[in-house]
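Participant: Listed here are the chains, written in short residue letters.
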Amino acid sequence: MNKARVLKRVFEIIPGSLSWGIIILLIILSVKYPIASAIVIITFDFYWIIRTIYLTTLLIMAHRQISCQKGEDWLGRCLSLGQQKNWLDLYQLVIFPIYNEGLEVLRPSLTALSMSHYPKEKFIVVMAFEERGSRAHDNALALEKEFGSKFGAYLSTFHPDNLPGESRTKGANATWAAKAAKKFIDARGIGCEHVIVSCFDADTCVEPEYFGCLSYHFLTSDKPHQASYQPMPVYNNNIWQAPSFARLVEISSSFCQMIESMRLEKFVTFSSHSMSFKTLVEVDYWPRNMISDDSVIYWKGFLHYNGDYRVVPLYITVSMDVAYSNNIWRTMVVQYKQKRRWAWGVENFPFVAIGFMKNNNISLFKRLRRLFHLLESHVSWAIWAVILVVIGPLPIFFGGRLFSQMSIAYNLPKITGLLFQFTLLTSLTWIFLSWTILPPRPRGVSWFKNVLLILEWFFVPFIILILGSFPALDAQSRLMLAKYMEFNPTLKGNKVL
Amino acid sequence: MFSWLKKDYPIQKARSFLFYLSLFIFFGGLPFILSFALGYKFNAQTLKFVKTGLIYIKTQPEGARIYLDGKLIPDKSPASIQELLPGVYKITLLLPKYYPWKSEVDVEAGKVSRIDKVILFPLRPDLQQLNQEGFSSFRVDIEKGAICYLDQENKIVYRSNLDGSNFEDIASLPEKFGQINGWDVSADRSKLFVFNAHQISVILLDSRDDYTYSDSFVYLDYPQEKIIKIFWHSDNYHLIVLTNRHVAVIESRPQAKPVNLVELSKEPTEASYDNKRQVLYFSDSQRSPDGFSYNNLYKLELSPEFFLLERLMKKKINE
Numbered sequence: 140m141n142k143a144r145v146l147k148r149v150f151e152i153i154p155g156s157l158s159w160g161i162i163i164l165l166i167i168l169s170v171k172y173p174i175a176s177a178i179v180i181i182t183f184d185f186y187w188i189i190r191t192i193y194l195t196t197l198l199i200m201a202h203r204q205i206s207c208q209k210g211e212d213w214l215g216r217c218l219s220l221g222q223q224k225n226w227l228d229l230y231q232l233v234i235f236p237i238y239n240e241g242l243e244v245l246r247p248s249l250t251a252l253s254m255s256h257y258p259k260e261k262f263i264v265v266m267a268f269e270e271r272g273s274r275a276h277d278n279a280l281a282l283e284k285e286f287g288s289k290f291g292a293y294l295s296t297f298h299p300d301n302l303p304g305e306s307r308t309k310g311a312n313a314t315w316a317a318k319a320a321k322k323f324i325d326a327r328g329i330g331c332e333h334v335i336v337s338c339f340d341a342d343t344c345v346e347p348e349y350f351g352c353l354s355y356h357f358l359t360s361d362k363p364h365q366a367s368y369q370p371m372p373v374y375n376n377n378i379w380q381a382p383s384f385a386r387l388v389e390i391s392s393s394f395c396q397m398i399e400s401m402r403l404e405k406f407v408t409f410s411s412h413s414m415s416f417k418t419l420v421e422v423d424y425w426p427r428n429m430i431s432d433d434s435v436i437y438w439k440g441f442l443h444y445n446g447d448y449r450v451v452p453l454y455i456t457v458s459m460d461v462a463y464s465n466n467i468w469r470t471m472v473v474q475y476k477q478k479r480r481w482a483w484g485v486e487n488f489p490f491v492a493i494g495f496m497k498n499n500n501i502s503l504f505k506r507l508r509r510l511f512h513l514l515e516s517h518v519s520w521a522i523w524a525v526i527l528v529v530i531g532p533l534p535i536f537f538g539g540r541l542f543s544q545m546s547i548a549y550n551l552p553k554i555t556g557l558l559f560q561f562t563l564l565t566s567l568t569w570i571f572l573s574w575t576i577l578p579p580r581p582r583g584v585s586w587f588k589n590v591l592l593i594l595e596w597f598f599v600p601f602i603i604l605i606l607g608s609f610p611a612l613d614a615q616s617r618l619m620l621a622k623y624m625e626f627n628p629t630l631k632g633n634k635v636l
Numbered sequence: 581m582f583s584w585l586k587k588d589y590p591i592q593k594a595r596s597f598l599f600y601l602s603l604f605i606f607f608g609g610l611p612f613i614l615s616f617a618l619g620y621k622f623n624a625q626t627l628k629f630v631k632t633g634l635i636y637i638k639t640q641p642e643g644a645r646i647y648l649d650g651k652l653i654p655d656k657s658p659a660s661i662q663e664l665l666p667g668v669y670k671i672t673l674l675l676p677k678y679y680p681w682k683s684e685v686d687v688e689a690g691k692v693s694r695i696d697k698v699i700l701f702p703l704r705p706d707l708q709q710l711n712q713e714g715f716s717s718f719r720v721d722i723e724k725g726a727i728c729y730l731d732q733e734n735k736i737v738y739r740s741n742l743d744g745s746n747f748e749d750i751a752s753l754p755e756k757f758g759q760i761n762g763w764d765v766s767a768d769r770s771k772l773f774v775f776n777a778h779q780i781s782v783i784l785l786d787s788r789d790d791y792t793y794s795d796s797f798v799y800l801d802y803p804q805e806k807i808i809k810i811f812w813h814s815d816n817y818h819l820i821v822l823t824n825r826h827v828a829v830i831e832s833r834p835q836a837k838p839v840n841l842v843e844l845s846k847e848p849t850e851a852s853y854d855n856k857r858q859v860l861y862f863s864d865s866q867r868s869p870d871g872f873s874y875n876n877l878y879k880l881e882l883s884p885e886f887f888l889l890e891r892l893m894k895k896k897i898n899e
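As given, the protein sequences belong to chains A and B, one line each in that order.
Start counting the first sequence at 140; every next residue gets the next number (my numbering).
Start counting the second sequence at 581; every next residue gets the next number (my numbering).
No lab work stands behind these hints: they were computed from the structure.
Since this is a predicted model, take the numbers as computed values, not measurements.
Some hints here could point you the wrong way.
[Unchecked claim] Not the full set, but computed from the structure, chain A residues with beta-carbon under 7 Å of chain B:
#: 1; residue: Ile181
#: 2; residue: Phe185
#: 3; residue: Thr191
#: 4; residue: Tyr193
#: 5; residue: Leu194
#: 6; residue: Ile199
#: 7; residue: Phe542
#: 8; residue: Gln544
#: 9; residue: Met545
#: 10; residue: Ser546
#: 11; residue: Ile547
#: 12; residue: Asn550
Glycine included, every Cβ here is placed at the ideal spot set by N, Cα and C.
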């Protein structure tokens, strides 16, 4: 094994070993030194109360931003910028990487795009099919007939299988499509700096104002090419049809993304996002052998621009599908696999760490800080629910008679109980906010779903453990043991995405 | 660093303020929370943390007022009194219409003194008289929900439900029986025996029984032996009789003859009968070769295969 490989393995092992190390250490502490364990747990409980209140406040702020900017005439604001920043010079390259999704998924996405409040002749739409997809060519033909004339340009690309240096990932397909688009753009003499590329999941339905909002932020940014533009993902396409806990998980995911949008110094791209095409070309497109292409592309930009790269939050929503299946158990499995794939974003850690080691143009403080944020977010993702739900009560169980007579043994459950009361309070805020981002209840869906929407929040402790910590621990363990994951698209209802 | 944050997004200033406020609350509050959890109290006079203990009080019923060294505390039971300096405290628990509870509690630093098994008894207990006639002794049958009363003076047997309802006389005792040494009702409540030193009388309580009884009482005589104790066998027909000389079994019918199962060395002082398993436990002494007597406990199984016993009884009668 060469030195680079050893170094990569070391960084791959760090997150998983840290998470497992903390969990095992706390379990040993609970058995051997229950007082020390109780002190750690109370400290963590208090930290979690403060953190929950802090994050809920950020969520309210982000939600307010979305509410305030709803209905904004972004195109009008672009017009008001005048000739110096002429939005008409911009082209919107929209890439939909498609694995094996059917027309029932792709049609709504293109329909939403075609209804954008933005000049359609400025759109270059690329439907990026996988050559190995069973109905790729048929679907491409059908969509071309239906939508080919609705945009300035419409391309269908077919990514060949098993190209050297590639894995079966979304990034490889998107890169193939972007390169095809580059040829098209170059042939028409359009400068890459005038193109904004949006890479959308196949089920992404944009709001009509999305591209106006994107253009405005691009034109008004200090360094528009040194930024990615992140809309707020919501899972409203089929949220009323999805089982309760799947809905809860996806709403929580949306909220987490909204919270992250308020913490700009650690904000990273996620799922559907946009960026400068010029930058995309300069950083050699998306990674072709990594699953978490959506976040890696940000880090590529960050390294390329020596740390002077950021994510600009767009407080406008893009809607996607809730992942679910035809029964609760299978839905649980589908959700688990999806969350594990998201948690596989931990592969960014070795990528970024090695990138930082090679790039001395970024200040050491900034490198350490970003690396710490990255590591801390993944480790806490994996352990916090385990500590709260599983390890929290252990000192009481293993403490023995002597420990049970101590003041701390008496106070531990009281303080933990207080934590859950605070969590309940913040949950009420989350319940209220979740109502406000829901689409109207479709006809045929029982009003009882409204009640379920509230009741499902009481399953939070169970769900955060099963679909929060466990998938993250699973992903980190696989990375630690070099059992690399392959891209495993998520089944969403009767659709595969 | 992050100059674009401040320039582009003034809201980040509010976010930064919140972040640092959270940090301040966490690091400022954590020592107090941990010291509280560990039982430490900040002494404002000495400006030092002092390790304290606590008392946890739980009563049945709940809601008792708590006095600590004579001072009423705001909480009612169940409650915990925190931050107590180590020492002995007087606790008084008061609940209207209940007897007060008082005790001294030793509080140790960093520990919980639990007073969690306090039962407060009512001042006027729920006392109810069940009998409606005079009686000398009684038997309670919880399973059947009945009480039997025996009035030796007037020779009457009464019965009532557990709450005293349906009080009624159900049988008369034989007139010339003398001092009654013991009595019991059969498990099926159909018969009752009374005995004195040399005589047993069985009284029929339920005329629907299949057994053949005389119109009057059944008398069983033990002229040569002194009756110590009698049990109903689980078949509600045989009587297990302990005399000063034997363990015997006798049918509860006229002219029945006892079968002596065990010969005893001395008068049994204790005996118990397990009706479910049909086992008799009794004590007796045995003389060892060294000349000393040792008291032993014996177990006699009265087999459910009762034909063996009946066969033995027939053989004895024929003899």
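Participant: Taking the hints in turn, state whether each one holds.
Facilitator: Hints, verified against the model:
{"no.": "1", "hint": "Ile181", "in the structure": "5 Å, holds"}
{"no.": "2", "hint": "Phe185", "in the structure": "5 Å, holds"}
{"no.": "3", "hint": "Thr191", "in the structure": "10 Å, violated"}
{"no.": "4", "hint": "Tyr193", "in the structure": "4 Å, holds"}
{"no.": "5", "hint": "Leu194", "in the structure": "9 Å, violated"}
{"no.": "6", "hint": "Ile199", "in the structure": "11 Å, violated"}
{"no.": "7", "hint": "Phe542", "in the structure": "10 Å, violated"}
{"no.": "8", "hint": "Gln544", "in the structure": "5 Å, holds"}
{"no.": "9", "hint": "Met545", "in the structure": "6 Å, holds"}
{"no.": "10", "hint": "Ser546", "in the structure": "3 Å, holds"}
{"no.": "11", "hint": "Ile547", "in the structure": "5 Å, holds"}
{"no.": "12", "hint": "Asn550", "in the structure": "4 Å, holds"}
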